[in-house]
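Let chain A serve as the given structure and place chains B and C on it in line with the hints.
So the protein lines, in turn, are chains A, B and C.
Just so you know, we're using my numbering here: the first sequence kicks off at 62 and counts up by one.
Just so you know, we're using my numbering here: the second sequence kicks off at 3 and counts up by one.
Just so you know, we're using my numbering here: the third sequence kicks off at 19 and counts up by one.
Heads up, some of the hints might be wrong.
[What the hints assert, rightly or not] Calculated pairs, DMTMM-like style, for lysine to aspartate or glutamate (alpha carbon to alpha carbon, straight line, at most 25 Å):
#1 K143(B) to D63(C)
#2 K208(B) to D172(A)
#3 K129(A) to D85(B)
#4 K206(A) to D245(A)
#5 K143(B) to D39(C)
#6 K294(B) to D85(B)
#7 K88(C) to E59(C)
#8 K145(B) to D37(C)
#9 K143(B) to E43(C)
#10 K88(C) to D172(A)
#11 K317(A) to D81(A)
#12 K143(B) to E68(C)
#13 K88(C) to E184(A)
#14 K143(B) to D66(C)
#15 K208(B) to D245(A)
#16 K294(B) to E31(C)
#17 K294(B) to D66(C)
#18 K294(B) to D63(C)
[Claimed, not checked] Anything over 10 Å on all C-beta distances counts as not near chain A; from chain C, calculated:
#19 D39
#20 V50
#21 R62
#22 D67
#23 T71
#24 L79
#25 L96
If you're looking for bench data, these hints aren't it; they were derived computationally from the structure.
Note that the structure is predicted; figures quoted are calculated from it, not measured.
Think of the CB as a built atom: it goes at the ideal place given N, C-alpha and C, for glycine as much as any other residue.
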Amino acid sequence: MIVAGIDVGSKNTKIVALRDGEVAVRVTVSSGFDQEESARVGLEKAAAELDIGFDDFAFVAATGVGRKAIAFAGHLLTEVAADARGAAALDPEARTVIDVGADEARAIRVDEGGKVLDFAVNEKCAAGAGAFVEAMSRALEVSLKEFGEISLESTESIPMNAQCTVFAESEVVSLIHSNTAPKDIARAVHDAMAGRVSAMVRRAGVQGAVVIGGGVAHNVGFVQALKDTLGVAELRVLPQPEYLGALGAALAAADKAGDKAGEGARVAGEA
Amino acid sequence: MTEEIQEFWRWSEKNWRAPGLDWRDASVVTAGIDVGSVSSQAVILADGVVFAYHSTRTGSNSPDSAKKALGGATEGTGMTLDDVHYVVGTGYGRVNVPFANRAITEIACHARGANSMIGPTVRTILDMGGQDCKVIRCDEKGKVQNFIMNDKCAAGTGRGMEVIADALGVPIEDIGSRSFDIDDEPPPVSNVCTVFAKSEATALLKAGWSINRVLASYCAAMAERVAGLIDRLGMEPEFFITGGIAKNAGVVRRIERLVGVKAVPLPDDTDLDPQIAGALGAALFAHALYRKEQRAAAAAG
Amino acid sequence: MIANYGYRDGSGEYYVTIDTDLCIECEGRWCVEACPERLFEIARDDYDDEVATIVASARKLLKERCSGCKPAGGYGSLPCTTACEFGAISHSW
Numbered sequence: 062m063i064v065a066g067i068d069v070g071s072k073n074t075k076i077v078a079l080r081d082g083e084v085a086v087r088v089t090v091s092s093g094f095d096q097e098e099s100a101r102v103g104l105e106k107a108a109a110e111l112d113i114g115f116d117d118f119a120f121v122a123a124t125g126v127g128r129k130a131i132a133f134a135g136h137l138l139t140e141v142a143a144d145a146r147g148a149a150a151l152d153p154e155a156r157t158v159i160d161v162g163a164d165e166a167r168a169i170r171v172d173e174g175g176k177v178l179d180f181a182v183n184e185k186c187a188a189g190a191g192a193f194v195e196a197m198s199r200a201l202e203v204s205l206k207e208f209g210e211i212s213l214e215s216t217e218s219i220p221m222n223a224q225c226t227v228f229a230e231s232e233v234v235s236l237i238h239s240n241t242a243p244k245d246i247a248r249a250v251h252d253a254m255a256g257r258v259s260a261m262v263r264r265a266g267v268q269g270a271v272v273i274g275g276g277v278a279h280n281v282g283f284v285q286a287l288k289d290t291l292g293v294a295e296l297r298v299l300p301q302p303e304y305l306g307a308l309g310a311a312l313a314a315a316d317k318a319g320d321k322a323g324e325g326a327r328v329a330g331e332a
Numbered sequence: 003m004t005e006e007i008q009e010f011w012r013w014s015e016k017n018w019r020a021p022g023l024d025w026r027d028a029s030v031v032t033a034g035i036d037v038g039s040v041s042s043q044a045v046i047l048a049d050g051v052v053f054a055y056h057s058t059r060t061g062s063n064s065p066d067s068a069k070k071a072l073g074g075a076t077e078g079t080g081m082t083l084d085d086v087h088y089v090v091g092t093g094y095g096r097v098n099v100p101f102a103n104r105a106i107t108e109i110a111c112h113a114r115g116a117n118s119m120i121g122p123t124v125r126t127i128l129d130m131g132g133q134d135c136k137v138i139r140c141d142e143k144g145k146v147q148n149f150i151m152n153d154k155c156a157a158g159t160g161r162g163m164e165v166i167a168d169a170l171g172v173p174i175e176d177i178g179s180r181s182f183d184i185d186d187e188p189p190p191v192s193n194v195c196t197v198f199a200k201s202e203a204t205a206l207l208k209a210g211w212s213i214n215r216v217l218a219s220y221c222a223a224m225a226e227r228v229a230g231l232i233d234r235l236g237m238e239p240e241f242f243i244t245g246g247i248a249k250n251a252g253v254v255r256r257i258e259r260l261v262g263v264k265a266v267p268l269p270d271d272t273d274l275d276p277q278i279a280g281a282l283g284a285a286l287f288a289h290a291l292y293r294k295e296q297r298a299a300a301a302a303g
Numbered sequence: 019m020i021a022n023y024g025y026r027d028g029s030g031e032y033y034v035t036i037d038t039d040l041c042i043e044c045e046g047r048w049c050v051e052a053c054p055e056r057l058f059e060i061a062r063d064d065y066d067d068e069v070a071t072i073v074a075s076a077r078k079l080l081k082e083r084c085s086g087c088k089p090a091g092g093y094g095s096l097p098c099t100t101a102c103e104f105g106a107i108s109h110s111w
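Just chain A, same shape as in the assembly:
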């Protein structure tokens, strides 16, 4: 049985397909201006890789900020529910789940059954999510990957004054003009963002094993800065972190497909 989970982010739409409970394919497409169309294109790509047709998915569930646009999804779940579900599957020891995306960040405390106990979000302000680091990397004219890497080489900790992405860009330009080393600027930026994300995590509560997913988890500089700011011994980066939400949605889809199959069996009069 093949099911799919779709995570419609403001920038990218991530899709995970499960075949008999195992991850079979992962696809990312740009969310674009027509989110449903982009999701359809992505799902078709996944179907092609699985050698099936678009209509052969037993069930499709959607999450993410644009989930309501996906008319063909059989079930919608919140990002918090999807992240909790995905994290439990990827790391059963996880008790504090952090997801940092381009536009939003969230922290979720879960119990050993993966049930959500508390959560906190950073939303509607670019400074609290990946858009912040991305904008600064552009100001420094380096790739996002390089930006994270060079920050690890810094030995200077410069606090940033600006708490807004727009003002921070001007501050970074001033730092560049005053000949501050790029690695030190990079570190200042990552530290600033880590400060905002860690405050969010603390609102949800830090407990047990702390894991991180979402696209920004690929940023080694940010992960280190967050680990330092949180003051935890270990911050585990989940595998394929940007697919965390999509995986959770796919698992929810598998549940629903199982329910349907079970229902079908009952309706048919089977024991």
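Just chains B and C now, kept in the frame of chain A:
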């Protein structure tokens, strides 16, 4: 690297001197220096009357900007710093006016200056600067009763407006008129955050909205945000608006609609520029503080 | 004077409001010690009164700095508002 952005709303250098006034005739000469993130102003009072003022760009060095502003105001008068009895520094760079006798917040100075420029009827002051947005309620003497200052978030500041203007390719000075050249008033953009509002604006254009309509939608959102700040304190006329965005009718008219009060203009016969409200207030504080010192010295001696 | 320290950004409104007219009568200054983040300090204001203010470095960081006292799960009271016997302090969130 961020490109050179149009700086229309960033006031250009300005200099003014009171005709027929000689500072040497005055017994008390005071100065107020307002070092802002974008521009710096100096106002000189001779016995409490405006003698001269000067506005200049704030450079990367605040103490230098303070000196430059004062130097511009005193140029050609023969006045030196020694001739000034008391200096008050204000603005975000107020701690960097090294020759100031005292630093006073831009909140208190703005209220005092507005009270002097408009009169004892002014009660609510809105200042929308390059990097901050503040609302002040004051009494008939220009004493602050209530204030809010936002300098954390670019939304509602000149810088935020710049970002959107650039994204739409519209010169800032055209935003106001273009935002009213529409068929009907659109709803405000849903994102307060400038970064997200910029993406939303681009999406609206792709969806077929005209540039003017997108401008109107953004101005409406900014007006809503600022009106929210005013509501928190409570609006009481007379209402006075200063700062760079005061020139953007697209935002100002919409704020007036939302709060139900029109902003008062400066009197027709004034030579004063709304931009100097902070420095003027600082100079008035300087005058009062110096007179207080004099009285205390006379009582003691 | 009602001083509103803080900001509003896309995610919400975060103001700590202090009615400084009430500070003038206060001798205990308990707010300073009560805040676990030491966000309050006593300073001379523009009218030469000694009143409570939020330290300048924290004014743009209130959402973060106050988060210790405001967990997502909810809270009953805040140390600062409890400590001020004049009721001069209030939070907008």
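Here is what the structure says about each hint:
Between the alpha carbons of K143(B) and D63(C) the distance comes to roughly 17 Å, so the proposed pair stays at or under 25 Å and holds. With a CA separation close to 45 Å, the supplied pair K208(B) and D172(A) exceeds the 25 Å bound. Proximity of K129(A) to D85(B) is assessed by CA-CA distance (about 70 Å); at most 25 Å being required, the pair is judged violated. The suggested pairing of K206(A) with D245(A) holds, with an alpha-carbon distance near 16 Å, which does not exceed 25 Å.
A C-alpha spacing of about 17 Å is found between K143(B) and D39(C), which places the hinted pair at or below 25 Å, so the restraint holds. Restraint check for K294(B) and D85(B): satisfied, since their Cα atoms lie roughly 18 Å apart, inside the 25 Å limit. Using a Cα cut-off of 25 Å, the hinted pair K88(C) and E59(C) holds, with the two alpha carbons roughly 21 Å apart. Distance restraint check for K145(B) and D37(C): the Cα-Cα separation of roughly 15 Å lies within the 25 Å cut-off, and the hinted pair is therefore satisfied.
Among the hinted pairs, K143(B) with E43(C) is consistent with the structure: their alpha-carbon atoms are about 23 Å apart, no more than 25 Å. Simply put, K88(C) and D172(A) have alpha-carbon atoms about 21 Å apart, close enough for the 25 Å limit, and the pair holds. Our distance criterion of 25 Å between C-alpha atoms is met by K317(A) and D81(A), whose separation comes to about 13 Å. With a CA separation close to 21 Å, the supplied pair K143(B) and E68(C) stays within the 25 Å bound.
Our distance criterion of 25 Å between C-alpha atoms is met by K88(C) and E184(A), whose separation comes to about 17 Å. The suggested pairing of K143(B) with D66(C) holds, with an alpha-carbon distance near 16 Å, which does not exceed 25 Å. For the proposed pair K208(B) and D245(A), the alpha carbon gap of about 39 Å is over 25 Å, so the pair is violated. At roughly 40 Å between alpha-carbon atoms, K294(B) and E31(C) are farther apart than 25 Å, so this suggested pair is violated.
For a cut-off of 25 Å, the pair hint linking K294(B) to D66(C) stands: about 12 Å separates their Cα positions. The straight-line distance between the Cα atoms of K294(B) and D63(C) is roughly 17 Å, inside the 25 Å bound, and the hint therefore holds. For D39(C), the requirement that its beta carbon stay farther than 10 Å from each beta carbon of chain A is met, with the minimum near 30 Å. For V50(C), the shortest C-beta to C-beta distance to chain A comes to about 22 Å, beyond the 10 Å cut-off, and the non-interface label holds.
For R62(C), the requirement that its beta carbon stay farther than 10 Å from each beta carbon of chain A is met, with the minimum near 24 Å. The Cβ of D67(C) lies farther than 10 Å from every Cβ of chain A, with a closest approach of about 28 Å, so its non-interface assignment holds. No Cβ of chain A comes within 10 Å of the Cβ of T71(C); the nearest lies about 19 Å off, and the non-interface call holds. A beta-carbon of chain A comes within 10 Å of the beta-carbon of L79(C); the shortest separation is about 6 Å.
No Cβ of chain A approaches the Cβ of L96(C) within 10 Å, the least distance being about 14 Å, so the stated non-interface status holds.
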